[in-house]
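K.L.:
One-letter residues, chain by chain:
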Amino acid sequence: AQSVTQPDIHITVSEGASLELRCNYSYGATPYLFWYVQSPGQGLQLLLKYFSGDTLVQGIKGFEAEFKRSQSSFNLRKPSVHWSDAAEYFCAVAPGSGNTGKLIFGQGTTLQVKP
Amino acid sequence: GAVVSQHPSWVICKSGTSVKIECRSLDFQATTMFWYRQFPKQSLMLMATSNEGSKATYEQGVEKDKFLINHASLTLSTLTVTSAHPEDSSFYICSARDGRTNTGELFFGEGSRLTVL
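Chain order of the listed sequences is A and B.
Position 98, counted from 1, in the first sequence is what this note's numbering calls 98; the numbers after and before it change by one each time, with no gaps.
Position 85, counted from 1, in the second sequence is what this note's numbering calls 200; the numbers after and before it change by one each time, with no gaps.
Chain A extracted, bound-state conformation (with noise of 0.2 Å):
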């Protein structure tokens, strides 16, 4: 069954320091993949998805997330933080041809961004 991990339940970083979330995904073949954010009491908001091509995304805000399939990982990045940027961050993956939309959510990772 496909499944998606996200290692680190919560992570607190700096104000301007560098950020990595870490995703590792379970799926035979290429799959679909996408992050998520959410802040409290509100919906999810696409960062940025991976479909095919050029392993390294570009997404919305700065952040960035790079495709490993010898790791399957797709760990989500941002060179620089900033104190909006905390919130809840999902990792998912779309199993099958990724048309059906049923996604499959990793645990979540929070953020908390040090002044």
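Note that these hints are calculated values from the structure, not bench results.
Don't take every hint at face value.
[Unchecked claim] DSS-like, lysine-lysine: derived pairs with alpha carbons at most 30 Å apart:
| hint | chain 1 | residue 1 | chain 2 | residue 2 |
| --- | --- | --- | --- | --- |
| 1 | B | K156 | B | K179 |
| 2 | B | K156 | B | K181 |
| 3 | A | K114 | B | K181 |
| 4 | A | K61 | B | K156 |
| 5 | B | K181 | B | K129 |
| 6 | A | K61 | A | K114 |
| 7 | A | K68 | B | K129 |
| 8 | B | K179 | B | K135 |
| 9 | B | K181 | B | K135 |
Just so it is clear, the structure is predicted and the values come from calculations on it, not from any experiment.
Since the structure of chain A is already known, use the hints to place chain B on it.
P.N.:
Structure of chain B alone, referenced to chain A:
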């Protein structure tokens, strides 16, 4: 990007009553919408797939008689929590795929927080 809107954003009800949550795609037609449930500090769990003009498909363990889903038009799906109990208190989020893109990307509503007293 496409916009999905939910209503109400939050609702408080008494135990035993029913609550309806609406999910609308504002600028596109969605033949399929998805309902997720999120408990505090936890991830989203898919409850059901709402199909326009046909019955919803429920995930294993989700009571279809408890969570009624109706997808009467291409822009509206509703989730009704029947005979709600405190354990139904949760954050319910809907999503829809913009069929024009066919990329599997989902657009999410703002969520609806249900509190059952």
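K.L.:
Does the structure keep K68 of chain A and K129 of chain B at a Cα separation of 30 Å or less?
P.N.:
Outside the cut-off at roughly 49 Å; violated.
K.L.:
Does the alpha-carbon distance linking K114 of chain A and K181 of chain B stay inside the 30 Å limit?
P.N.:
Distance ~43 Å between K114 of chain A and K181 of chain B Cα, so the pair is violated.
K.L.:
Within a Cα-Cα threshold of 30 Å, do K156 of chain B and K181 of chain B meet the stated pairing?
P.N.:
Roughly 24 Å separates the two Cα atoms, so the pair holds.
K.L.:
Do the alpha carbons of K181 of chain B and K129 of chain B lie within 30 Å of each other, as the hint requires?
P.N.:
Holds, at about 16 Å.
K.L.:
Starting from K179 of chain B, check that the Cα of K135 of chain B is at most 30 Å away, please.
P.N.:
Holds, at roughly 14 Å.
K.L.:
If you draw a straight line from the CA of K181 of chain B to the CA of K135 of chain B, is it 30 Å or shorter?
P.N.:
With Cα atoms ~12 Å apart, K181 of chain B and K135 of chain B stay inside 30 Å; holds.
K.L.:
Take a quick look at whether K61 of chain A and K156 of chain B sit within 30 Å of each other, Cα to Cα.
P.N.:
holds (24 Å)
K.L.:
Please work out if K61 of chain A and K114 of chain A have their alpha carbons no farther apart than 30 Å.
P.N.:
holds (18 Å)
K.L.:
Assess, step by step, whether the Cα of K156 of chain B is no farther than 30 Å from the Cα of K179 of chain B, and give holds or violated.
P.N.:
holds (25 Å)
Consistency note: the structure conflicts with the earlier hints numbered 3 and 7.
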